[in-house]
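*Asks:* Knowing the structure of chain A, use the given hints to seat chain B on it.
One letter stands for each residue in the lines below.
Number of protein chains: 2
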Amino acid sequence: MSWTVGVDFGGTNIKIGVVTSRGRVIADAVLPTRRHATPAAFVRGLRDAVEVFQQRGGLSRRHLQGVGVGAPGLIDGDRGIIHRLVNVPGGWRGVHLQQLLEQHLKCPCAVDNDVNVIALGEFHAGAGRGTRHSVYVTLGTGVGGGLIIDGRLVRGAAGSAGEIGHTVIDPDGPRCGCGNRGCLEAFVGTAALMRAARAVIRKGQGRLPSLARQAHGRVTPALVSQAARAGDRAARRIWAEAGDYLGIGLANAVNLLSPERIVIGGGIANAWPWFAPRMRATMRALAFEAPMRACRVVQAQLGDRAGIVGAAMLIWGRTTARTR
Amino acid sequence: MSWTVGVDFGGTNIKIGVVTSRGRVIADAVLPTRRHATPAAFVRGLRDAVEVFQQRGGLSRRHLQGVGVGAPGLIDGDRGIIHRLVNVPGGWRGVHLQQLLEQHLKCPCAVDNDVNVIALGEFHAGAGRGTRHSVYVTLGTGVGGGLIIDGRLVRGAAGSAGEIGHTVIDPDGPRCGCGNRGCLEAFVGTAALMRAARAVIRKGQGRLPSLARQAHGRVTPALVSQAARAGDRAARRIWAEAGDYLGIGLANAVNLLSPERIVIGGGIANAWPWFAPRMRATMRALAFEAPMRACRVVQAQLGDRAGIVGAAMLIWGRTTARTR
Chain A
1 MSWTVGVDFG GTNIKIGVVT SRGRVIADAV LPTRRHATPA AFVRGLRDAV
51 EVFQQRGGLS RRHLQGVGVG APGLIDGDRG IIHRLVNVPG GWRGVHLQQL
101 LEQHLKCPCA VDNDVNVIAL GEFHAGAGRG TRHSVYVTLG TGVGGGLIID
151 GRLVRGAAGS AGEIGHTVID PDGPRCGCGN RGCLEAFVGT AALMRAARAV
201 IRKGQGRLPS LARQAHGRVT PALVSQAARA GDRAARRIWA EAGDYLGIGL
251 ANAVNLLSPE RIVIGGGIAN AWPWFAPRMR ATMRALAFEA PMRACRVVQA
301 QLGDRAGIVG AAMLIWGRTT ARTR
Chain B
1 MSWTVGVDFG GTNIKIGVVT SRGRVIADAV LPTRRHATPA AFVRGLRDAV
51 EVFQQRGGLS RRHLQGVGVG APGLIDGDRG IIHRLVNVPG GWRGVHLQQL
101 LEQHLKCPCA VDNDVNVIAL GEFHAGAGRG TRHSVYVTLG TGVGGGLIID
151 GRLVRGAAGS AGEIGHTVID PDGPRCGCGN RGCLEAFVGT AALMRAARAV
201 IRKGQGRLPS LARQAHGRVT PALVSQAARA GDRAARRIWA EAGDYLGIGL
251 ANAVNLLSPE RIVIGGGIAN AWPWFAPRMR ATMRALAFEA PMRACRVVQA
301 QLGDRAGIVG AAMLIWGRTT ARTR
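So the protein sequences, as listed, match chains A and B. For the first sequence, counting from 1, position 46 maps to 46 in our numbering; every step adds exactly one. For the second sequence, counting from 1, position 150 maps to 150 in our numbering; every step adds exactly one.
Next comes chain A alone, as it looks inside the complex (with noise of 0.2 angstroms):
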């Protein structure tokens, strides 16, 4: 059986996954960053895993199709190099991992940011497959996007395309975390929900203040979500509001670029029934009718397996690409 190993580089776990065509995930291993933070850690430790897969799941090292990697921060998708890393200790500038990689496992290897390749995933293996052009859009702390058209990952020129969370979309907006005013990231980041929290908890309304008082002050996302599930008005309003900036955001998506679907993940979307109705209807009054009618916006599918899933179609989606 072809096998490919997909690696999800965070900052506190490397996960390690051994993945079929399909986007299933038939091993997997978890080795701590902060002792493999460094090239040579990183690549031991890799090689090391690969072997053990090898050995315990009775897989051939000529069927392996090859190593892909996932991972926070600046990198150059098309050549594997990777220019920073966020959240991540131990000199990563500059490192040519792909190449590295390559030399040490004896297999094609692959690396790009952990957005991409979590678009990847949900394209192949998740909630865009079936599909020719795909938006992924992650909403957290920070808002991220990755692009697939013609059923290929957009790099663009820099390696850096997809960045749909620093689109401006209001010049007189709130600070965004890169400087600009009105980014979407500054609308419905974590960061513009909290301090709408904060401030409906200043004002002492509906259930959020005690809620907020008996998680000892700590506001979070799922606090705003555990409120709006419990009928909270001002909960479900600061939903809402997102909704209606995140539609605009995807309204020029869809006018800009006529995906046949846009695959909504990370934390903030566990609130998907509070805010999607509002993002629908913002982005049926504003995109164009035959785009609008073309595309589906739904939630990501493949959850904690997605950065693993996806990195390991950046060797399968080359197989792929050709067939589809």
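None of these hints come from the bench; they were simulated from the model. It cannot be assumed that every hint is accurate.
Partial pick of chain A residues on the chain B-facing surface, computed with a CB cut under 7 angstroms [to be verified]:
1) HIS133
2) GLY156
3) ASP170
4) ASN252
5) PRO291
6) ALA294
With the Cβ distance kept under 7 angstroms, some of the chain A side facing chain B (calculated, not the full set) [stated by the list, open to error]:
7) ILE149
8) GLY151
9) THR167
10) PRO174
11) LEU286
Negatives, chain A to chain B, calculated, CB over 12 angstroms [to be verified]:
12) VAL25
13) ASP28
14) ALA37
15) ASN87
16) PRO89
17) LYS106
18) ARG129
19) SER210
20) ALA222
21) ARG237
22) PRO273
23) GLN301
Everything numeric in this text was worked out from a predicted model, so none of it was measured. All residues carry an ideal CB built from backbone N, CA and C; glycine is no exception.
*Replies:* Frame of chain A; chain B shown alone:
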């Protein structure tokens, strides 16, 4: 010599040209649209023109690579179907023009909308030459766009991709022709510029009022450019503000797509010296550094030939895409 015919199907004229693979127009002809406004008459006119080119130009029919057509309207470029034409009479609804042309001309044919076609022309033979990722933006009454990613025209699921003019950059902005508020077109389209010019004229500021009187009240973008060229501050302010807003729209495209080049064409593009500096400054302020550094914003090069050359590139692009 291999040759291709490019057709620019406009509301007044049908321009037809023999185009080389490098985008040179070596012969051309013009038919009045009103006499070829039905599908049957259009195809007949085209067939006759191709025969004349052959006979007068000593071109061999055997070396005709194909005929490409660009037309204004809602067109499915993947299948060459005209859903609806703008500014052309004669019942163009659901016309399988590509199929019809192939039956009568006995060569490969292609049909797409005029903006996509110009984007393709600039990409293969104009200001976008030598790049892999290029965004074309046309400034005029409408603000349209065409995207080329990895050397291929992006049509999207509905065939409508590229509508950068109808991405919202300020939800509280002025009403757009499409019905929404704050689309890019509502800030930088001709209507928006003329609204600003008329306000200046009403206030009696600078040279615009007297220029408008000389033009018998016919206020045009050319008039505002004339005033700007003469050093008029109010006129220059109109262009500078348009540059700011265009900069927002283009910065969004840079963050989302990371194109190597953005090519600006269309009627208003003549005012380049007055809007480009502020456009660039805004882009540098808003877009991420890496994709901004990787992107050049330039003026279109093909001018009046763009429609013919681009249409021919619908055919030549199929060949050259493979060898790029």
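*Asks:* Going back to the hint list, which numbers does this structure go against?
*Replies:* Of the numbered hints, 8 and 10 do not hold.
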